[in-house]
Amino acid sequence: NAGVTQTPKFQVLKTGQSMTLQCAQDMNHNSMYWYRQDPGMGLRLIYYSASEGTTDKGEVPNGYNVSRLNKREFSLRLESAAPSQTSVYFCASSFRGSTEAFFGQGTRLTVV
Amino acid sequence: KQEVTQIPAALSVPEGENLVLNCSFTDSAIYNLQWFRQDPGKGLTSLLLIQSSQREQTSGRLNASLDKSSGRSTLYIAASQPGDSATYLCAVGGTDKLIFGTGTRLQVFP
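From first to last, the protein sequence lines stand for chains A and B.
So the mapping is simple: the working numbering equals the position in the first sequence, first residue as 1, plus 1092.
So the mapping is simple: the working numbering equals the position in the second sequence, first residue as 1, plus 56.
Be aware that a few hints might be false.
Claimed, not checked - Distance condition first, Cα-Cα at most 25 angstroms in a straight line; then the derived DSS-like pairs of lysine-lysine: (1) A:1149 - B:57; (2) A:1149 - A:1163; (3) A:1101 - B:57; (4) A:1149 - A:1101; (5) A:1163 - A:1106; (6) B:57 - B:98.
Hints are computed from structural coordinates only; laboratory data are not their basis.
Please read these numbers as outputs of a predicted model, since none were measured by experiment.
Construct the complete structure from the given sequences, taking the supplied hints into account.
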């Protein structure tokens, strides 16, 4: 099983450019999440989707948008990238919020 | 607002030692607590999941305990090995999301 797959693995953007991070899971999970990880700050929740068709803001949603395209896919979009968005981004999924979560391998994004 | 704290932030021990990593949380209304391992430059690997109704879970040399009333969890690693070197993260599960601590970076030297 592939589990949670994120693309791309690495990306460099110029300030003001836009891009979409893709995430797909093959475990028939209802809930999906986007986190960012910065040194010394742990993982912070950007957005989550408790079920297909719903999305909610997490701790740090500013500058991001998400789409729960279907049950398998949950994308994160940066409309106008800023250097403060340089980070490692992780997608995760779980059957529901109270069950075990599984993570992708991460996307390392640098905004110059 | 749920806040999760992990102490210590970093730990360096010789091989063979038994060690304890701590995780505390401010809101005891949780559904579960999950411990993860993260190797440098890699994603997170789930180690143990404790449901709110449970007191502990064990997997091999790892044992995790949960005390909801005091807002604490511990991860006990027995007979540590250099291969245990990694960052360990705890995460508290609510109805629909996980909130993470900042992690403990563990180094086990031969």
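Pairwise hint evaluation, residue 57 of chain B against residue 1149 of chain A, where the allowed Cα distance is 25 angstroms at most: 14 angstroms, holds
25 angstroms Cα cutoff - pair residue 57 of chain B, residue 98 of chain B: Outside the cut-off at roughly 29 angstroms; violated.
Restraint check for residue 1149 of chain A with residue 1163 of chain A, where alpha carbons must lie at most 25 angstroms apart: Holds: residue 1149 of chain A and residue 1163 of chain A sit about 18 angstroms apart, inside 25 angstroms.
Hint consistency between residue 1163 of chain A and residue 1106 of chain A [alpha-carbon to alpha-carbon, up to 25 angstroms]: With a Cα-Cα distance of about 32 angstroms, the restraint between residue 1163 of chain A and residue 1106 of chain A is violated, given a limit of 25 angstroms.
Pair hint outcome, residue 1149 of chain A versus residue 1101 of chain A [Cα-Cα no greater than 25 angstroms]: Judged against 25 angstroms, a Cα distance of about 24 angstroms means the pair holds.
25 angstroms Cα cutoff - pair residue 1101 of chain A, residue 57 of chain B: 32 angstroms, violated
Comparing the model with each earlier hint shows violations of hints 3, 5 and 6; every other hint is respected.
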